[in-house]
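Based on the sequences and whatever the hints tell you, model everything.
Keeping their order, the protein sequence lines are chains A and B. So for the first sequence, UniProt numbering puts the first residue at 1; every next one is plus one. So for the second sequence, UniProt numbering puts the first residue at 1; every next one is plus one.
The hints are simulated quantities; they were obtained by calculation from the structure and are not laboratory data. There's no promise every hint is true.
Unchecked claim - Ranges between beta-carbon positions, derived for each pair:
#1 E295/A x A117/B: 36 to 44 angstroms
#2 E69/B x G244/A: 30 to 38 angstroms
#3 G145/B x A53/A: 29 to 37 angstroms
#4 Q332/A x K182/B: 37 to 45 angstroms
#5 G244/A x L121/B: 34 to 42 angstroms
#6 A117/B x D335/A: 25 to 33 angstroms
Here a beta-carbon is modelled for each residue, glycine too, at the ideal position from N, C-alpha and C.
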Amino acid sequence: MSASLAYLQVWQQLPEALRAQRDAVWRHFEQHGFPRVSEEDWRYTDLSALNDADYAADASVSITTPAALAGWQRLVFCNGERIEGAVQAPQATLADDGITALNAALCRDGLNLHVGRGQQSAPLHLLTLDSGRTMSHLRHRVVLEAGSEATLLIDTRGDDSATLTTSVLEVEIGANAHLRLLRIQDIGTSATDLSRTQIRVARDARVEYVGLDLGGALVRHDLNVQLAEPGAQAQVHGVFAPSGRSHVDTHTRILHQAPHTTSREIYRGLVGGRAHAVFNGRIVVEKAAQKTDSEQNLASLLLSPGAEINAKPELEIYADDVKCAHGATCGQLDDMAIYYLRSRGLDADTARNLLLFAFAHDVLAHVIDDAARQEMERRLASRLPGSAAYEGLMEGLIA
Amino acid sequence: MLTIDNLHAKVGDKEILKGLSLTVNPGEVHAIMGPNGAGKSTLGHILAGREGYECTEGSVTFDGQNLLELETEARAAAGVFLGFQYPVEIPGVSNMYFLKAALNAQRKRRGESEIEATDFLAFVRQQIKKVGIEPAMLQRGVNEGFSGGEKKRNEILQMLVLQPKLMVLDETDSGLDIDALKMVSDGINAMRSPERSVVLVTHYQRLLDYVKPDFVHVLARGRIVKSGGPDFALELEERGYGWLDAA
Ligand SMILES: Nc1ncnc2c1ncn2[C@@H]1O[C@H](COP(=O)(O)OP(=O)(O)O)[C@@H](O)[C@H]1O
Ligand SMILES: [Mg+2]
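In C-alpha cells form, the structure reads like this:
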C-alpha cells in the first residue's frame, strides 16, 4: 500500500542522508501501513482514519509549559522537537510494525538516557506538548547499566487540536539495576497518540511501572516487558480513565523467559461518558521460566450507560512449576457505598469521587515519589465528575 | 423531634410500610421490635433517605421541617443518624479521613467552621476508647475486613463523632458479645440528653437492660401494632409476636 500524502511529505522533507539511512523502515511502513482491525491485537482500535489524515508541517504552539515538579529534572518536547533540556537523540532501532516503522522513519528527536554502572540518575520528567494539526514522532532510549537506578516520568499532553503523536521508548535494564517508570497520558479530546514501550529486564533487575491514561480521541499503548534473565522482576500497574468520547487501548505483554522471574500487574479502569476502553493483558510463561511468580489483577468500573470496555486477560503458560494468579472484574460504583457516605453528610458528587479515587488509588499508591504521585492524583482528580470538590479530597484519604 | 404520621412507603413496587405512625419527643428513647421482614430497616432507610425508598402517603416531620423533602446528606447535617443493620465496607477510604470528611461536610452545610485537624484527632482518640476501637483501625478502610462486632462499634464511633440529634440504631446490638454490647450501650448512653432522641431497633431485651427505653413498640406488617412501656419488651421476648396477630 502507499502511505498517505501527509507522511510522504514529511518523509521527503528529511535530509537525503537521513532518508538513505532510514530507507528500510520507511519501506516497511509503506508496505504495511498502520495495523488493521482484522489483526487480532487491533480488533477494537481502528486506525484507518489515519490513512487519509492531513497534517500541517508546522503549527504554532498554543499551550504553555506547566510548572516543574519539585526535585525533578525536565526535558520538554514540543511538536516533536526539544524546547527545554539537553540530551542527545537516540538512534532508532526497533521497527517491527507499521507504527514503530513510521516512528523510526520520521522521528527527529527524543531522549537518550544512559546511566552508568552503579550510578543513580536524578528523576527526569519528560514532557511532551503537542498543538495544532501536526504530527510528531519521538524516539527514546534508556539504558541502565548494571546496578544503576533511574526514575523517569513520560508525560504527554496536548490541546484541543487533532494532533498525531507516536512515541517509542526502548529500555534496557542491566543486571541488578532498577527503573521506576511513570507515564501520564493526557492529550486533548481530538488527538491521537500511538506509543510503544519495550523493556528488557536483565538478571535480578527490576522495573516498576505505573501509568495513568486519561484520554484523547484515540490512544493506544503497547507495553512489552521481557523478563529475560533469572531473578528479573516487573511491576506493571496502571489506571485508565477515559471519559467523553475517548478511546483508550492498552495492551500489556509480560514475557517470562527465565526461571525465578516475578511479575505483578494491577490495572484499574474508570470508564465514563461514551468512552471506550480496551485492555489486553497478556502474560506468557515460556518453558524455561520455571518458578515464575506472576499475579495479575484487573478491575474496572463503568460510570455511565454509554461507556464501554473490552478487557481481556490472557495467560499462556508453557512451564509446569509456576505460580500464576489472575482475576478480572467489571462493575459499577456501589450504590450502597454512595448512600452510606451520603447518610454521613457527604454530598453525592464528593461521595462518588471519593469512591472512584480510592478505587484508582490501589494503583497510584505504588508511586513512591511524592511529587510525582501528587501530580498523578491531581491529574486524575481533575478528570473526575464534580472535581471542584477535589481540594483537600485526598489528604489522609487512603487507607 | 420526630413525627411520623400514617406513613406508607414502597421499595420498588412493593408496599412495605402501611400507615405507620410514631412520635418521638426530645430526650426519649424508643425501642422498636417486631418480626423479620416487618419493615423496621425500611423505616430506618426512609428516614435516612435511601434512593428507591419512596413515601407514597403520610408525612415525616423532623424538627418542624418536612424530612422527606431533604437530600440524604442534608438530613445527616440536620441531625439524623442511621446506624446501619449492615454497615457498608468502603475499601481504600481510611476510617479517619471518612470521619473528618463527614463531620466537616455536615458542619459546612450548617454554616459552621471546619474543625481543626489536631483538635479533631484528639477528639477522635477519646471517642475510640469508649467503643474499644484500636487506633490502628482508624487508618484502615472504612469497615474493610472488620468483624461484625467491629462494624457495629464503628457505627457507634461515627455517631459519637457526628453528635446527631436523632439516632436510629438498626440492630446495632445483634451479634455482639457482652463486652461489646456494654461498650455500644455506653456509647448510646453517653449521647443521651434532653435534646437528643434514640430509636433502637432490636430483637433483644439484653440491650434494653443497658439502655432503658421510655417506650417499646411492635412493628408488624408495616405498622406499629402495639406500644407499651419498658416492661413490654420482656413480655415480647417471652411471648413472641404471634399473639399480636389476633389483636
Ligand atoms: N431493597 C429491597 N427491595 C425489595 N424488597 C425489599 C428490599 N429491602 C427490603 N425488602 C423487603 O421489605 C420487607 C421489609 O424488610 P425490612 O425493612 O428489611 O424488614 P426488617 O428490618 O423488619 O426485618 C421484606 O419483605 C423485605 O424482603
Ligand atoms: Mg432489618
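Q: Tell me, in ascending order, the numbers of any earlier hints that this structure violates.
A: 3
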